[in-house]
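Since the structure of chain A is already known, use the hints to place chain Z on it.
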Amino acid sequence: MNAPVRATVAFQELIGSLRQHWANQLYPALHQRYSEIDRGGSPAMADQAIAQVAETPLYQWFAFIERHYQRMKYSDPRWGLAANFESQPEWVRERLADADASPYLELNANLEIPDYYREIDIHQHPGNLIGADYDGLMYRASATSIHPNTRRFEAHERFADLVLARRPFRSVLNMGCGFGKCTLPIAARLPDAQVIGIDLSAPCLRLAAASLADTEFTHVRFAQRDALRSGYADGHFDLVTSTQLLHELPVDDIRRVLRESFRLLEPGGEVMHLDFRPRGRWMEFLLDGHAVRNNEGFMPAFNRLDMHEALREAGFVDIAIEAFAETEGATRADWPYWRFPWTLFRAVKPL
Amino acid sequence: MTRPAPNPAKTAKRDEPELTFFNAPGMDRMAQMLLVMASELHVLRDRVRCLEFMLAEQGQIDVATLDRFQPTEEQAATLAAERDAFVAHLMDVLDGRAKSTSGRFPPHSPEPRT
Numbered sequence: 426m427n428a429p430v431r432a433t434v435a436f437q438e439l440i441g442s443l444r445q446h447w448a449n450q451l452y453p454a455l456h457q458r459y460s461e462i463d464r465g466g467s468p469a470m471a472d473q474a475i476a477q478v479a480e481t482p483l484y485q486w487f488a489f490i491e492r493h494y495q496r497m498k499y500s501d502p503r504w505g506l507a508a509n510f511e512s513q514p515e516w517v518r519e520r521l522a523d524a525d526a527s528p529y530l531e532l533n534a535n536l537e538i539p540d541y542y543r544e545i546d547i548h549q550h551p552g553n554l555i556g557a558d559y560d561g562l563m564y565r566a567s568a569t570s571i572h573p574n575t576r577r578f579e580a581h582e583r584f585a586d587l588v589l590a591r592r593p594f595r596s597v598l599n600m601g602c603g604f605g606k607c608t609l610p611i612a613a614r615l616p617d618a619q620v621i622g623i624d625l626s627a628p629c630l631r632l633a634a635a636s637l638a639d640t641e642f643t644h645v646r647f648a649q650r651d652a653l654r655s656g657y658a659d660g661h662f663d664l665v666t667s668t669q670l671l672h673e674l675p676v677d678d679i680r681r682v683l684r685e686s687f688r689l690l691e692p693g694g695e696v697m698h699l700d701f702r703p704r705g706r707w708m709e710f711l712l713d714g715h716a717v718r719n720n721e722g723f724m725p726a727f728n729r730l731d732m733h734e735a736l737r738e739a740g741f742v743d744i745a746i747e748a749f750a751e752t753e754g755a756t757r758a759d760w761p762y763w764r765f766p767w768t769l770f771r772a773v774k775p776l
Numbered sequence: 494m495t496r497p498a499p500n501p502a503k504t505a506k507r508d509e510p511e512l513t514f515f516n517a518p519g520m521d522r523m524a525q526m527l528l529v530m531a532s533e534l535h536v537l538r539d540r541v542r543c544l545e546f547m548l549a550e551q552g553q554i555d556v557a558t559l560d561r562f563q564p565t566e567e568q569a570a571t572l573a574a575e576r577d578a579f580v581a582h583l584m585d586v587l588d589g590r591a592k593s594t595s596g597r598f599p600p601h602s603p604e605p606r607t
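Same order as they appear, the protein sequences are chains A and Z. Just so you know, the first sequence maps onto residues 426 to 776 in the numbering used here. Just so you know, the second sequence maps onto residues 494 to 607 in the numbering used here.
One chain only, chain A, in its complex shape (with noise of 0.2 Å):
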């Protein structure tokens, strides 16, 4: 088994020592910028403040650096990490290779892709998440640096421990759940529940489905599924979760995934959808040009959706719209460094 080169290595170290500078040097810099022109002032004076920063060299370098430190991260032609990948197929097979014949695995070649699924390189990641058995390798190795102040799938875990907090879940559904970085935390805290996790991706299932070798886990399912339209039964779930799903999503599918959650839980089943939430004027320019940066074209939509409305419309009672912390602190009002605006989406199907 090889493992990367070491100039690969170094590359994307640099690259994540970037990634830390931007986050914890530019972008508290920035605000303070913005925060020198815009004191607490209406709306009109936040956009004013806005379009004065969005002129600075500095803001101009801000925005450079998010697009590309993800870009080359990604798709260096020397060293970055599809390169990588390319050139190791015996690695890549290795890797997966406890997926082949796991009995916890259920793909679907047939199932139906979306248009935008095929088109779109979200996050950048080069021929999205489809298309090559290392996908999913490539995803996770990609994910070890968006969260710069905070533990590697901190807020999975601080997650789970949400979750587990609420009650003991016994039929749990995770949308979305890509890789498991989240259905392995509630797994691992729900030892008596049956946990399933769905995805359109094939490749990080399979990655999922090989993660579980490291367990001792025989109480989670990874399915090829679509969470439009996942197939199971009404009333099959007590919990449906997610985690940075809806944003990626078109307003219309977004609602959907509401519809369908509702359909799959039972009476007194709970949702818990974790995504982000722009409060205020500033964030919202913040998130509407890293929708752009980063190839995540729905989200601005998503950041304007009154989702009050759309789970009350979906069926849901107690909605609770809740600020989440991804590591301890993040939410305090003087925190310094980027983050994103994490946030809890929870509600009740009514008995």
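Hints may contain errors.
Said to hold, decoys possible - Here are the computed distance ranges between Cβ atoms for each label pair: (1) A:512 / Z:546: 24 to 30 Å; (2) Z:576 / A:537: 47 to 53 Å; (3) A:731 / Z:583: 45 to 51 Å; (4) A:483 / Z:549: 38 to 44 Å.
Unchecked claim - Here are some, though not all, of the chain A residues that point toward chain Z, as calculated from beta-carbon distances under 10 Å: (5) 442; (6) 497; (7) 504.
These aren't lab readings, by the way, just hints derived from the structure by calculation. No residue lacks a Cβ here, since even glycine has one placed at the ideal position from N, Cα and C.
Below, chain Z alone, put in the same frame as chain A:
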């Protein structure tokens, strides 16, 4: 080992407009060159430090020996190939081959502010 043919879905650029962030024409590609230069420099520094660690551990050389190094013909060819790859890596951004594309922003989404 024969390297497999590249997977076009993973290596080909989609035919989309180039994303730019700076007001000055050409500045984005200049900035990309800087990032490539920084990458090359860092990877090289890392390589040299690793080499020094290994050679020092084995008692093979000291810094003065490095300064006096004369490549053989074969070694010189290797260095030349590395040099050419470095130049290609650096210059690729100028003709747009490494351009940053839009990712087909959905037309029905609100017009974002970048």
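For each hint, the structure was consulted:
1. Separated by about 25 Å at the C-beta atoms, residue 512 of chain A and residue 546 of chain Z satisfy the suggested range of 24 to 30 Å.
2. Between residue 576 of chain Z and residue 537 of chain A the C-beta distance comes to about 50 Å, which sits within the given range of 47 to 53 Å.
3. Hint check: residue 731 of chain A to residue 583 of chain Z, Cβ distance near 49 Å, so the stated range 45 to 51 Å holds.
4. In this structure the supplied range 38 to 44 Å holds for residue 483 of chain A paired with residue 549 of chain Z, their Cβ-Cβ distance being about 42 Å.
5. Given the 10 Å rule on beta carbons, the hint for residue 442 of chain A holds: about 9 Å separates it from the nearest Cβ of chain Z.
6. Taken as an interface hint, residue 497 of chain A checks out: its beta carbon lies about 6 Å from the nearest beta carbon of chain Z, inside 10 Å.
7. Taking 10 Å as the C-beta contact cut-off toward chain Z, the hint placing residue 504 of chain A at the interface holds, the least distance being around 7 Å.
When the structure is compared with the earlier hints, no violation turns up for any of them.
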